[in-house]
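Novice: Protein chains in written order, with our numbering: chain Z, 653 to 1068; chain G, 0 to 305.
Hints were generated in silico from the structure; no laboratory data involved. Do not rely on the hints blindly, as some may be mistaken.
To be verified - Here are some, though not all, of the chain G residues that point toward chain Z, as calculated from beta-carbon distances under 7 Å:
hint : residue
1    : Leu-47
2    : Tyr-74
3    : Gly-80
4    : Asn-85
5    : Leu-88
6    : Tyr-93
7    : Lys-98
As the structure is a computational prediction, the values presented were derived from the model and not from experiment. The beta carbon of each residue, even a glycine, is placed where N, CA and C say it ideally should be.
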Amino acid sequence: MRKALAVARWEFIEKVKTKAFIISLILTPLFMIGAFVLPTLLITKPDTEPRIIGVIDETNELGKLLSNKLEDKFKLPDGKPNYIIRHIGNRALLNLEEAKKEADNLVVKEDIEGYLIIRSSIYNDSVFEYRAQNVGNIKVTERLNRTIRDLIIEKKLKAEGLDPEVIKKLTFPIELKSVKISKTGEEEESDFKTMFFSAYIFIMAMFILIISTGQLLVRSMVEEKSNRIIEVLMSSSSANDLMVGKILGLSALGFVQIGTWALIGVAIALKFGTAIISLTSALVLLPFFILGYLFYAAIFVGVGAPLSTEQEAQQVTGYLVMILFIPLLLAMWIMQDPNSPLISILTFIPLLTPTMMAIRIPIQMPSVFEILANIIVLSLSTVAAMWAAAKIFRTTVLSYGKRPSIKELWHYLKSK
Amino acid sequence: MLTVKNIRKEFSTVVAVDDVSFEVKRGEVFGLLGPNGAGKTTTIRTILNIIQPNRGDIFFDGKPFDDAIRNKLGYLPEERGLYKKNKLLNTIVYFATLKGVPQTEARKRAYDWLKRLDLLAYAERKVEELSKGNQQKVQFIIAILHNPELVILDEPFSGLDPVNQIVLKDLFMEMKDKGKAIIFSTHMMEQAEKLSDKICLIDHGRVVIEGKLSEVKSRFGKNTVHIEFDGDAEFLKATDGIDKLLLYENSAEFEISDHQVVTNMFALLTQKLKIRKYEMIEPSLHSIFLSMVGGNKIKKSEGVSL
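The following block holds chain Z by itself, in its conformation from the complex:
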């Protein structure tokens, strides 16, 4: 065991000091923030200048109404209207083609943001056109669309002799507030988004940990094989100590990484005041997290030990990651009926247990019996996987070139 600790210490200290590790430790959260947080912040950022929208209006009516309504509804922080409507073309005697040419010019010169074409047929086919250099500005198109829809509905209601205000009151939207009742009978306000997010965060954490540590394990074994250090190591320490030491050291590395990111995540979550993970779920998930992690680590060792090149290693880790992802493909189905018998059975497959549980537990806590049974099955599988990995490690870590066949692997497992 002392030797295992020496190996663990070496793997941890020497890797934690590398530039690659430090860079990924800092860069990954920055990247995440950059990729997810910034765009949302930018989209929700209000405009500071009014946007001018052109209108070619065949109805000679909607354009004016739109202008009033927009100015009324959307204001800039300083109180000025956010959108200013500019009529294009001769209003009394409109020539559509000429007006379009004029408007196109204005768009190209960037005098206007874009322009609408409202045909007189709009009351029948409910279609209007928006033309701009950038039609991807969802905020603008969304608002224009909604406002015009409201105007047309209003007008149609009036034509039928109905009062829009009364209609609005009568057709108010019904809001569904879902309350999750946990096993202990407590109420817990919960909506789809929260559930989805907690499952999502657990799974992501597990993925990152398993994949990054798994790759480190495989890479470190392949490296020691290719520079033949493995022989000196094997003459100094038992294969078991070596394997345990590697798993310990690189896991510690993985936990430092995920821990740092989790802290950053929590800090951000607290700042924005959203608690998305329930503590109970996290505690129940913890054993699955750890066991699942160890189970996969053993598999990575068993699969990685016979390999001798970096390319092979990448291929094989790729396959393993795919297995890890299967439950994610089933996520929607699981969320619909988390306690169906088929899902319960699938959960007992050790390769799937951790991810399945990560999805199921936040949605609907499985029965205590099921949780315990799964922990037992996963523990036994982990012990078996570790045992098998040690066997394979011991026998194949000195072999080069050819990958062992399934038959040979079976033979290794039987050898003493």
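Following the hints, position chain G against chain Z.
Specialist: For chain G alone, coordinates are given in the frame of chain Z:
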């Protein structure tokens, strides 16, 4: 110190080592000889418990292998390699701690050795910045830093320049004087001849000769002639009574099979060549090696062609 008894190791279809036995005592330098692929490395790995033999036993002072014995063994593998990105000193200390040496002690010893082998300037540098020869010296330090009782060196001289070969030889002798047992493998017979007390020649996984170097040599008799000369000695190839001829540019070694010829030999040679040296010696390990191993091969290939 070490007793190897009838070990046999098979790899799927090949028998790498078959019925190999020998013994190594403290203060002895043991040369494990044989051509490439003879089974030397497999034998060594078996001793180190890196691989298990299919049959046979290995004892250390009469006891079978256990975890405690690992710390008493030092190993320099044939295929050299180190962690490239790590610092020299850290790497050495790591391997020593794996052998049970406490950190601080390992650090101290590592400094001493680096100093002695002229590597102190590199202590805080990355291993990849070192030349091949220097990396090999580092590996040698790793093999002996924990003060092992049995040191096993697989082809220790390959890749070393003459100066460092001498350094290594001195170290050999020093360890021998301290009562360590040393096993080294080589296919270079000159090295083995100079250093070994005992040899074991393996071919195709089997022991061909084993024993004290002097005994092995005398077993092959004292009818070998070694000459150094100027001139063209091609005629020796066709001379009757000359056997196992090793002909070089300015020297030759051969056995005289026919005693009738011995008396005439010197006269014959001086007549045709300018002889600078004429010596009746024991055969060199090289010629023993060739006659035992090379001869075998030639016979075999003849058998195939027939």
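Novice: Evaluate each hint against the coordinates.
Specialist: Evaluated hints:
no., hint, verdict
1, Leu-47, "holds, 4 Å"
2, Tyr-74, "holds, 4 Å"
3, Gly-80, "holds, 3 Å"
4, Asn-85, "holds, 6 Å"
5, Leu-88, "violated, 12 Å"
6, Tyr-93, "holds, 5 Å"
7, Lys-98, "holds, 5 Å"
Hint 5 from the earlier list is the only one contradicted by this structure; the remaining hints agree with it.
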